[in-house]
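Colleague: Which chain is which? The protein sequence lines are E and C, in order. Going by our numbering, the residue at position 463 of the first sequence is 463; the numbering climbs one at a time, nothing skipped. Going by our numbering, the residue at position 55 of the second sequence is 1055; the numbering climbs one at a time, nothing skipped.
One or more hints might be untrue.
Stated by the list, open to error - Dumping the calculated DSBU-like pairs for lysine-lysine here, alpha-carbon to alpha-carbon at most 30 Å:
| no. | chain 1 | residue 1 | chain 2 | residue 2 |
| --- | --- | --- | --- | --- |
| 1 | E | K368 | C | K1187 |
| 2 | E | K385 | E | K222 |
| 3 | E | K99 | E | K163 |
| 4 | E | K136 | E | K99 |
| 5 | E | K385 | C | K1231 |
| 6 | E | K136 | E | K163 |
| 7 | C | K1231 | E | K99 |
| 8 | E | K222 | E | K394 |
| 9 | E | K394 | E | K368 |
| 10 | C | K1231 | E | K394 |
What the hints assert, rightly or not - Simulated restraints on C-beta separations:
| no. | chain 1 | residue 1 | chain 2 | residue 2 | range |
| --- | --- | --- | --- | --- | --- |
| 11 | E | A141 | C | Y1169 | 53 to 61 Å |
| 12 | E | W144 | C | V1162 | 51 to 59 Å |
| 13 | C | L1323 | E | D376 | 52 to 60 Å |
No wet-lab data here; the hints were simulated from the structure. If you're wondering where the values come from, they're calculated on a predicted model, not measured in any experiment. We put the CB at the ideal spot given by N, CA and C, even for glycine.
Residue strings, one per chain:
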Amino acid sequence: MPRGGAPVTSAIELRGIVKRFPGVVANSNIDLELRHGEVHALLGENGAGKSTLMSVLAGIYQPDAGSILIDGEPIALRSPRDAIQAGIAMVHQHFRLVKPFTVAENVLLGARTSWLLSPGRLEAEVADLAQQAGLKASPSARIWQLSVGEQQRVEILKALYRKARVLILDEPTAVLTPQEAEALFVTLRSMAADGRTVVFVSHKLSEVMSVADRITVLRGGKHVGTLETASTDEHRLAHLMVGRDIAFESARAPGEAGEIVLRVDDLHALSDLGLPAVRGASLSVRAGEILGLAGVAGNGQRELAEALAGTRPPTRGRIELYGADLTRASARRRIEAGLAYVPEDRLGTGLVGAMDATANVMLKSLSKHRRGPLLDYRSAARRTKDLVEQFGIKMSSLDAPVRLMSGGNLQKLLLARELSSSPRVVIAAHPTAGLDVGATEAVHELLLEQRASGVGILLISEDLDELLMLSDRIAVMYEGEIAGEVSADDADLERIGLMMGGTGADAPPMAAGGG
Amino acid sequence: MKPAGGLRPRLVKRLLPSRRIRVAVRLIALLGAFAVAGIFLQATGRGAGAVYRAMWTGSFGSPYGQAQTILAAIPLIFTALAVAVAFRMLLWNIGAEGQFYIGAFGATAVAYSAPDWPRWLLLAAMVVGGLVGGALWGLIPGALRAFFGTNEIVPTLLLNYVAILLVDYMVNGPWTDPATLGFPLGKPFSESAILPLVGNTAIHSGIYLALAAALSVSMVLSRTAWGYKIKVIGSNARAASYAGFSIPRNMVAVMLLSGALAGLGGMVEVSGVVHKIQANISPGFGYTGIIVATLARFSPIYLVPMAVLFGALVVSGTELQTLGLPSDIVLMLQGVILFFALAGELFVNYRLVWRAGTVSDHPSTPAPVSNRAADLEQAG
Ligand SMILES: Nc1ncnc2c1ncn2[C@@H]1O[C@H](COP(=O)(O)OP(=O)(O)OP(=O)(O)O)[C@@H](O)[C@H]1O
Ligand SMILES: [Mg+2]
Chain E
1 MPRGGAPVTS AIELRGIVKR FPGVVANSNI DLELRHGEVH ALLGENGAGK
51 STLMSVLAGI YQPDAGSILI DGEPIALRSP RDAIQAGIAM VHQHFRLVKP
101 FTVAENVLLG ARTSWLLSPG RLEAEVADLA QQAGLKASPS ARIWQLSVGE
151 QQRVEILKAL YRKARVLILD EPTAVLTPQE AEALFVTLRS MAADGRTVVF
201 VSHKLSEVMS VADRITVLRG GKHVGTLETA STDEHRLAHL MVGRDIAFES
251 ARAPGEAGEI VLRVDDLHAL SDLGLPAVRG ASLSVRAGEI LGLAGVAGNG
301 QRELAEALAG TRPPTRGRIE LYGADLTRAS ARRRIEAGLA YVPEDRLGTG
351 LVGAMDATAN VMLKSLSKHR RGPLLDYRSA ARRTKDLVEQ FGIKMSSLDA
401 PVRLMSGGNL QKLLLARELS SSPRVVIAAH PTAGLDVGAT EAVHELLLEQ
451 RASGVGILLI SEDLDELLML SDRIAVMYEG EIAGEVSADD ADLERIGLMM
501 GGTGADAPPM AAGGG
Chain C
1001 MKPAGGLRPR LVKRLLPSRR IRVAVRLIAL LGAFAVAGIF LQATGRGAGA
1051 VYRAMWTGSF GSPYGQAQTI LAAIPLIFTA LAVAVAFRML LWNIGAEGQF
1101 YIGAFGATAV AYSAPDWPRW LLLAAMVVGG LVGGALWGLI PGALRAFFGT
1151 NEIVPTLLLN YVAILLVDYM VNGPWTDPAT LGFPLGKPFS ESAILPLVGN
1201 TAIHSGIYLA LAAALSVSMV LSRTAWGYKI KVIGSNARAA SYAGFSIPRN
1251 MVAVMLLSGA LAGLGGMVEV SGVVHKIQAN ISPGFGYTGI IVATLARFSP
1301 IYLVPMAVLF GALVVSGTEL QTLGLPSDIV LMLQGVILFF ALAGELFVNY
1351 RLVWRAGTVS DHPSTPAPVS NRAADLEQAG
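Just chain C, with the same shape it has in the complex (with noise of 0.2 Å):
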């Protein structure tokens, strides 16, 4: 029973992962995801260490391409809460994207109904204007799955087609705006409608309401009893019916909290960046939101910086673009760091073993466990 073959790897379970190989396993994966793509660029003949300088300039490395990173992260930081508040109740909401959209939508029939409004009365009316259509976006879902068991999944996407479509045709009809000469643009923003800057910086103050929403999420997850009961139905159903908590209800909840998050998102993009409504306004943040809720592992706080990091692949984008380079790169590195990301989360959970090809006989050597000092609290 020992015929010794050469070595071969395993994986082995890690009881409770700890936060250091937690995060030393996140920070590997997204180096690696640079590094394999850096292998990609250098093949394509476009030297990879120019693209990355040149991104670098686009997103941290000038004053401008910094303020681009920030504007770029504002609408993603909403969008990712949209997926991470659905998620902690295992509901996949694919649907930020649509939600965003009538948020946006929503605030703009605010905007163009009373553009004389004091700034104040109005931004507020924009901002209740975007949390219902993103609610009621999310709402039809939720209620589908909670009553009728549909899986929300396909219904959150297919809105995503009718609110894009009902936007573009908004800005190709009755919103159109004459100047533009048959562009899908709408008319301008009144003054009242927009979203102040800060400082004498480039960026809006939708990112204190951006911020605001992180920590209050964060805040209602995990400190109240509500958010409380949202965590024992995501873990175990089960005991969440015979501790009387009500599954349907707390699920049509958890879905209009995600859609209005989304829809918020969508009022302070028409508002602080476009000012006023137009086709596209939203180059995928609902489902780039999706991947930087995954890579925060759905932690309202987490998620910020990852929106940062994604506002500044956005961003970089655009620059490559003007070095005359495909801004699908950009493209292709959030794929990458994706893919590194979910394949890292194997070793957050296993580790990984060289042993013998059968059964070793050499005296049990004492393996050393991983585990000693797992800090058990989960990263959110």
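One chain only, chain E, in its complex shape (with noise of 0.2 Å):
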């Protein structure tokens, strides 16, 4: 087990920590040294402790056991408030910014400064750490106002406004388009270059072997190992982090594609503003086939999705499911007619956070679990447990909140309630944002069972290879509109790039769907 190293150069040491939950240990003896001025990599399966571990770092969570060292030292860290005094902020996935102050009062928030305010001081103050941070927007812009990508360099902002020595990332990249990521990483570097440590964690095999010094795997809440990045490969990762290897491509094998399933045309609707979101948009699915959809998030997607589930009524156009009109139809309605929808929200729309993973299952199929007047519980937890060892979802107890459940869980679970519908077409938003190697693996080979069984599938995602990997058509779409079309047999990543940036509609589109 590597462990030690000089003592100069070790910033954070953990030795021994054991965290459990009820029901699971997700943290078992781990033992993890940070140094100075690296970028170290946590990597590991969706549930394999990685975020609790962090949580622990950060004095979120008490360790049942073990001891956490800096520079030396023994500390307790009983709470955030104590790891920022010692010097070590989280920045977490879900953003706990106030949206309508601005960046330098959240910055302020919670920082203990003086008691009276001079706006003009602070926001020079912060507009040059913001620079550090990468952030290009003013300090007096309202958090409302930013991209999620500028958001997350907000959080960085806060972190070193409140002189941070160890950042500690969770999933940083998930929200970010790659683009994004890519500046992302360069801040992180030069962050690493000053002598901070940076913790970074991740599903992402490309990512972590571009961006970290170090790489330490976690699989099922123990230590596998730490890495050189030099001096290891995708490939070990992977093993390291499943326990088996992993075939990096899933083979989309020639389909037939049949009718046209799902009809879209010259679709409006607003988004929540009350802004035209989604501006005549048209496309069409075809059973058995994925049709792609890219484009930079917020350019109507979610919008789109929204209103082909019936969340979101549309203000223009036309939805036919099956040669029937279902514009106006209701979302239960469409549910009825084998509509399924993977919302990219999984905890905001998906699944209800406070209930448990039964009453999930049962979400859209009370009909199904009924005796006589009342609701059948049991044959619920019954079809609940067999998905659970179908999808290989790993929970707690199956009568816990689904809120406690890691993210990649909580989307095979979403996942798995939505396919098991037996349905006849999958609007899946994101599906693989978040979840790790094995689990988009599976993700995909799920995607494209349906699509064998001539489910007819719409694959919204930002992830350009994902799309080329699976679709067999690809649409752009851009401020609401379907930019262009291409074939995936003949895509060309340069165009579609250009469509996505709203320069390559001088290119023809082809008619949507056609036929």
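Given two chains presented individually in distinct reference frames, assemble the corresponding complex, making use of the accompanying hints.
Modeller: What follows is the structure, encoded as structure tokens:
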């Protein structure tokens, strides 16, 4: 076990950390050493215990056993405030920003300074650090005006303002576009160059390989190894992570696309703020094919998916499922017509966090779990158990609220429910965001299986590699419209990239779907 | 970074409070409330011991007191159920008081218009009258909220005055009993409009209705598809509409049920206790029901014992008056109990930790985790 190293370089040492939750040991006797000036990646499957370990380091959870040493001195971190005082800051996957406040105000929040605020001086102070954090937005901008990537920079800025010497980022790239992720890596490297320690939690092997100095792999709550990036490769890491070899390419067998199952014609819908978000989108999906929908986040993909699912009223246009007009149909009727929807916002929309797995599995199939007037929880529990086994979902117990499940397992549960309802059309929004390689592979296979069995799939994703691998055709969404469409076989990455940026529309877009 | 200051208390969140902690905290809160109220009583020179003893005899300590306690608990069960049902959907029904009055009004209208019907038929019709009246009173704020987004708190509260004044008008006018020479009392009910007593006790058979209502509400909420939908809507409205549950329709349904329950309470009260309609048929059962439901964490089952406790408080007020003490002591106690219970909730979800002023540097003693055997089922 790699452990130790020269005491001068070791910033933090975790020794024998144990953290149990009812029914699971999330961390079992984990040792981890973090050095000054390094980017240290923490890799592991969904539910491996990464977030838990980092929460222990950030003072959010108290370990059941083990000790934490900072610069060789033992320290007790009883709260996030203790951790911040010790120079440890964590950027959570779900940001903790106050949306109506400005950047500067958010940075100040919770950082104890004098009671009198002078906005001018504060903003000047923040502007300086903002540069280091790679934030281009003005300190007086309000959070809700910022993109997700910029909001993340504000979180980093908060950490810098609190003089953090150890910065933990939990799956920071899950919400970023590839370009934003690249830019984030530059920032992280420069912070390490300043002597800070950066801990980077991720599933994505390529990212880890490109940004980290050293990589620690967790599996099933145990430490399985710490490696120098220079002396390892993706296959070794994948093997360590899941304990078996991973096929990186799911093969897409040539398929026979059937009749059109979903047709969208000149659809318009408004965003939450009441502005036009979908502006005349037209597309069609055939039975047994996957239509990939590419595009930079915020170009109306979410609103389009919601309009299709029936939770956002279209202002104009037409939606047809198997030839039947469902434009004004309720969500209920669409579900009954065989439409499954995997929303991007898992806990906010797809699942009920406060309820247990069984209750969540029943969500859309109440009529199937009935005994007289009463709900048959027992048959639902049996079905849940089957799904948990079939989809390899890890959870501490069947009747714990699902909000306690790890991100990847939440997604598996959601997919399990949607795909097991024998749908005819599936809308999947970012189905592999935040999933580990093993789980991603499983999701890809599930989608391809559905395709093979004749289901029409609309796959919304920002991951072009994923789209190229799975889709038969790829449509690009830009500012609420379909900017163009290419067949996957002669997909030209550059052209797709241009269309995503809104400049490829000059090339004549192919008729959506055809026939 | 380690100048240790004095010990300072701090709150640390519990992830999943165990049932043992929840029960313990609430019991301690209850005892604490009586202790603190006792200090007040002592300070006013009345002797806490004597007051508490009198309250005990007046409520649980004598057969008469016991019956009175149960009689006061019955309407509270109904109003608390009304509050609890609405809260499943995170709606605050502050209008159980008005729904109670209007239920009494509906039942009375039936009783006066068909006094000669056979008892079973008349009582059944009065039950319907109470349910319909209350449901109507719930429907108004429910529909306003569902279709116009009007917050339900103000409409439910204002409708209380409408209902109370309506009953006032009726007992001073059309329904007044000429024999009482202008007192705001209605004519006595006919024999068949009166709920029979249970055995040879002083308790009327409305208790069966109350218990049946609590059980069925609990069953409906926890075991039926509708109850499930209500719970989903209450905990994640986005997920509910994603699953195809109609939020407005269910909101109206919940408020109909909520109002109907309080309305049934009004029917039981006039038919079981008052035996006529009169002004002030409720000493604030609707409002006390809010406290009862809140303290029972909106559980239709736990609110029954809680209603008995508050029934005892209501009854012991009268006992205090006979001793020449102000019955307002009881109101103070109610307030203190509520205060302590709400404060106690803080300790259900958080635990108090004493720690040094700044980061301490003693070797990390493994901090005990309190949620080891957390059983996850919420009370209810
Ligand atoms: N508060 C909690 N209560 C109960 N169980 C928990 C809690 N937090 C995490 N767990 C469980 O502990 C295990 C580790 O979870 P953790 O969130 O650390 O995984 P992870 O490696 O971050 O996974 P992911 O990549 O999916 O985010 C999981 O089985 C999870 O269900
Ligand atoms: Mg995690």
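Colleague: Now tell me if each hint is right for this structure.
Modeller: Structure-based check of all given hints:
1. At most 30 Å may separate the alpha-carbon atoms for a hinted pair to count; K368/E and K1187/C exceed this at roughly 54 Å.
2. Between the alpha carbons of K385/E and K222/E the distance comes to roughly 25 Å, so the proposed pair stays at or under 30 Å and holds.
3. As the CA atoms of K99/E and K163/E are separated by approximately 23 Å, the hinted pair is consistent with the 30 Å bound.
4. For the suggested pair K136/E and K99/E, the alpha carbons sit about 18 Å apart, so the restraint of at most 30 Å is met.
5. Note on K385/E and K1231/C: the hinted pairing holds, with a Cα-Cα distance of about 22 Å set against a maximum of 30 Å.
6. Note on K136/E and K163/E: the hinted pairing holds, with a Cα-Cα distance of about 20 Å set against a maximum of 30 Å.
7. The hinted pair formed by K1231/C and K99/E meets the criterion: a straight-line CA distance of about 28 Å does not exceed 30 Å.
8. Between K222/E and K394/E, the direct Cα distance comes to roughly 15 Å. Compliance with the 30 Å bound is thereby established for this hinted pair.
9. As the CA atoms of K394/E and K368/E are separated by approximately 25 Å, the hinted pair is consistent with the 30 Å bound.
10. Distance hint between K1231/C and K394/E is fulfilled; the C-alpha atoms sit about 25 Å from each other, no more than 30 Å.
11. The hint said 53 to 61 Å for the Cβ distance between A141/E and Y1169/C, and at roughly 60 Å that hint holds.
12. Distance hint check for W144/E and V1162/C: the Cβ-Cβ separation is about 42 Å, which falls outside the suggested range of 51 to 59 Å.
13. Against the hinted window of 52 to 60 Å, the Cβ-Cβ separation of L1323/C and D376/E comes to about 57 Å, which satisfies the hint.
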